[in-house]
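Each chain, written out:
2 protein chains.
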Amino acid sequence: MIYLKLFGLTLLFSLVSTFSTPIPANYTVFWYQQKVDHFNYINNDTFQQRVIISTDHWCTDGCPIFFYAGNEGDVFSFANNTGFMWENAPRFKAMVIFAEHRYYGESLPYGDKSFASLDKLGFLSVEQALADFAELIQEIKVSYPAARKSPVVMFGGSYGGMLAAWFRIKYPHLIVGALAASAPILQFPGLYDCNGYNSIVTKSFRSYSEQCYLSIKNSWDAIQRVGSNGVGLRWISDNFNLCKPLSNSSDLNDFSSWLQDTFGSLAMIDYPNPADFLEPLPAYPIGVLCSKLPDSTKQDKPLLVDLFHAISVYYNYSGQRSCFDYRDNSEGGRLGGDGWGFQSCTEMVLPICSTLNDSMFPQATWDLSQVKADCIKTYGVAPEESKALWLFGGENIASATNIIFSNGARDPWSAGGVLKTYAETLPAIIIEGACHHEDLRSTGPNDPIPLIRARQREIIIMKDWIDKYYQSINHWPAEWSRDSNLI
Amino acid sequence: MIYLKLFGLTLLFSLVSTFSTPIPANYTVFWYQQKVDHFNYINNDTFQQRVIISTDHWCTDGCPIFFYAGNEGDVFSFANNTGFMWENAPRFKAMVIFAEHRYYGESLPYGDKSFASLDKLGFLSVEQALADFAELIQEIKVSYPAARKSPVVMFGGSYGGMLAAWFRIKYPHLIVGALAASAPILQFPGLYDCNGYNSIVTKSFRSYSEQCYLSIKNSWDAIQRVGSNGVGLRWISDNFNLCKPLSNSSDLNDFSSWLQDTFGSLAMIDYPNPADFLEPLPAYPIGVLCSKLPDSTKQDKPLLVDLFHAISVYYNYSGQRSCFDYRDNSEGGRLGGDGWGFQSCTEMVLPICSTLNDSMFPQATWDLSQVKADCIKTYGVAPEESKALWLFGGENIASATNIIFSNGARDPWSAGGVLKTYAETLPAIIIEGACHHEDLRSTGPNDPIPLIRARQREIIIMKDWIDKYYQSINHWPAEWSRDSNLI
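Which chain is which? The protein sequence lines are F and B, in order.
Following my numbering, the numbering of the first sequence begins with 2 at its first residue and continues without gaps.
Following my numbering, the numbering of the second sequence begins with 2 at its first residue and continues without gaps.
For reference, chain F alone in the conformation it holds in the complex:
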């Protein structure tokens, strides 16, 4: 996920590559007819939920199902970027399913009217999305008779990880366990220090170089000073190769926010392998970026020129971009911003601020009353900042079972993640050196040992869930290995 301040709100997006990693299996897409409202009996509308399904490696006869809890984007984004499921499907002889989240991708309950008015958009809620998954799992077990006894393991990353964890809490009878990767289920008001996210971003950059950290920290004032008049705005527009020139201080603030978002994104995806995200990136892109910021004592304009070269690592590593658009979030254009903006104005109220002196970001408080005012203005709804806590329990999860909470230690979202083991069957796996749901990605040549070990541990735990389940129903698929040779 990356965060961006839009309408004064903090919005989150899973950062995924849409087309970079083709699905390494045969699959089909089917459309499941869902009720728009699972909880009342007034609106009988239905919609088509998009689902990717692959049975290439499934050994039928009650063999496992890997089910990805789609989050705020096109389901193919997640299918293309969750190599861990595809790579382990043969090992587990598992059916693989990716379910698209309502109001994202092509699963729009009211088509292109879905975001037009509250009476259409108002059915976008976590509870409804979880119920969609619940219905779908039931349906799969009916559609595939050989799946009737299949244990389902749910996967999810980022907001999808939150959904996976919450699904296991709410529907424990439908899945045997959940791998909730980089799921900031504790990032809610009252539970969480809103500085957490930016502290980790800061630490990540600072770990590469003190000069890099100081350069970025100094740049915010430099931007304001240089951009304090029309000539300066023009200078920035030219030197940052902006598609649309800055014309006033409001633009300048948007430009500054855009840069901040960029750094946050980079901290999430500072992966050890080159990755072709929305932009192609080298391994450890922050290291490359920081090499462009060698001297924090430079004067304003030279510092900003360095900054331009630095962010070009992110936005133009391939050298093919003709100009930069500070008005777009780095990937907002490809993901369902409309939906997430609404969710962040209802249940998903995840505070982010920057009030610490050593933050590399400008000082910014998190002001719930301002968030509320903006939400009411934009969507006509007021955020219920404590709803997710009473719905899902916050950190009172000890009575749940079989959820792996994995977090990359360098992922900014880990600040709101479950970093301690609340109960025996709720292991918290902290992956040193890793970033945002890095364990869900395909293996790569540079994967560090802690990441490799984390994935191994996840595999062992998931096998244990499945073995115990087969034991409980006293059914073992013929092709299922009961010993540990599977691992």
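In short, the hints are calculated from the structure, not lab data.
Model, not experiment: these values are computed from the prediction.
Misleading hints may appear alongside valid ones.
In this list, chains with the same sequence are indistinguishable; a pair is considered to hold if it fits within one copy or across any two.
The calculated lysine-lysine pairs, modelled on DSS-like cross-linking and capped at a C-alpha distance of 27 angstroms, are [to be verified]:
1. K121 to K36
2. K421 to K142
3. K94 to K150
4. K302 to K204
5. K299 to K121
6. K373 to K142
7. K150 to K218
8. K150 to K421
9. K245 to K142
10. K378 to K142
11. K469 to K421
12. K36 to K373
13. K114 to K378
14. K218 to K299
15. K421 to K94
16. K36 to K94
Go by the hints and put chain B onto chain F.
Using the frame of chain F, we list chain B on its own:
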């Protein structure tokens, strides 16, 4: 609960005494503002939920809260008939709360318009009711700062027991456990033999006397034969002292159904102590009733005369009733039939039939397609007979914890109850000789040993939940006894 066939549907009502047992404590009634819709963001209406609260015995400082999950009736009905909570509040130094279920009693979301149309009534669902309880528990912990650390034990009987069990499954972070008394959570299509209910009713009557059983079994044909013409209808009307005479075969069928309901009710409440229900009753009323049916070989009219005397035990034990009204369910008039009829047409699809040869009831199948047709005609909704299963898991509850499933072995609803222990912390307590949620009632002089022992066991288990909770938060109220002397 008793069942009655109305609109061709099977309806359930908790059988409770509304005014017989005054609340043995000081209490206040407060009204909590609930959202009509907890799961979408379209309807912002709110309503006032009625709540009874008593702090007479509460020792503050995080001492326990006993919370009754109100079911399909006036909340005072449950407060007046759940003596187990009141009697144990001093022992547990507990706050006592009874929450009224939406659309029952005075907790009507749209006042007297609540049942007028589907756009008002459609917010009646189990999920909404559970969310009401969840919000309310949160609110109590805010309103009473000394309750912030209080463990909540939820109680419920009959449908309320189903709610208590499901609440623990769905909101395990808000309560430490649930006593689900006579909760037929398995009485759903596919899980349950629809003969179960009537088999137990039959067995109960037969245990008193074979002649009683045969008399009732023979009476249905006798009613049809005698009532096959106008003279006969008149004879039945006179001899059963009916307020409104029978005028055709449809009336005759209603009369027959009313008698069947009466026997079902009696099997639920064949308690060992005299009880002042909607009608005052002697101890073991079926025994008294059966004493009026000594000879099953009598001819039709003499048999029916005996039957009149038999049911007069139920309807006129006090001798003050001037006539009998077969058009009313025995307590339907005082409970919220409108609400339950709707619930039985949406999620609460609990089949009851009578297809066994030795049933004392007329042969009757359970026909889902007929139920659906009737529901669509009456309410404009089609029952979703498998919804409760995917929502709550059916018998796949082994991953839940801390739910006591108690059932009286003579309670007809025990046929759909949880009679085996699915997991260590989900004890099934079967109370030999006991009837419908008898353990929740006040103690009485004739309580049999199995009932006394069951209550003792429930107390020990609840104390264990609470002790473990205090251990987990490392807070022990000053007045809380950590040793077993409490018991």
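Outcome of the hint check:
1. K121 to K36: both (13 angstroms within a copy, 19 angstroms between copies)
2. K421 to K142: between (34 angstroms within a copy, 26 angstroms between copies)
3. K94 to K150: Result: close within a single copy only, 14 angstroms intra versus 46 angstroms inter.
4. K302 to K204: This pair counts as within: shortest intra-copy Cα distance 25 angstroms, inter-copy 93 angstroms.
5. K299 to K121: neither (53 angstroms within a copy, 67 angstroms between copies)
6. K373 to K142: between (42 angstroms within a copy, 24 angstroms between copies)
7. K150 to K218: neither (56 angstroms within a copy, 43 angstroms between copies)
8. K150 to K421: Intra 32 angstroms, inter 21 angstroms, cutoff 27 angstroms: inter-copy only.
9. K245 to K142: neither (52 angstroms within a copy, 53 angstroms between copies)
10. K378 to K142: Answer is neither; intra-copy 44 angstroms and inter-copy 32 angstroms both fail.
11. K469 to K421: both (24 angstroms within a copy, 20 angstroms between copies)
12. K36 to K373: between (30 angstroms within a copy, 18 angstroms between copies)
13. K114 to K378: within (19 angstroms within a copy, 32 angstroms between copies)
14. K218 to K299: within (13 angstroms within a copy, 100 angstroms between copies)
15. K421 to K94: Neither way: K421 and K94 sit 31 angstroms apart in one copy and 34 angstroms across, limit 27 angstroms.
16. K36 to K94: neither (31 angstroms within a copy, 46 angstroms between copies)
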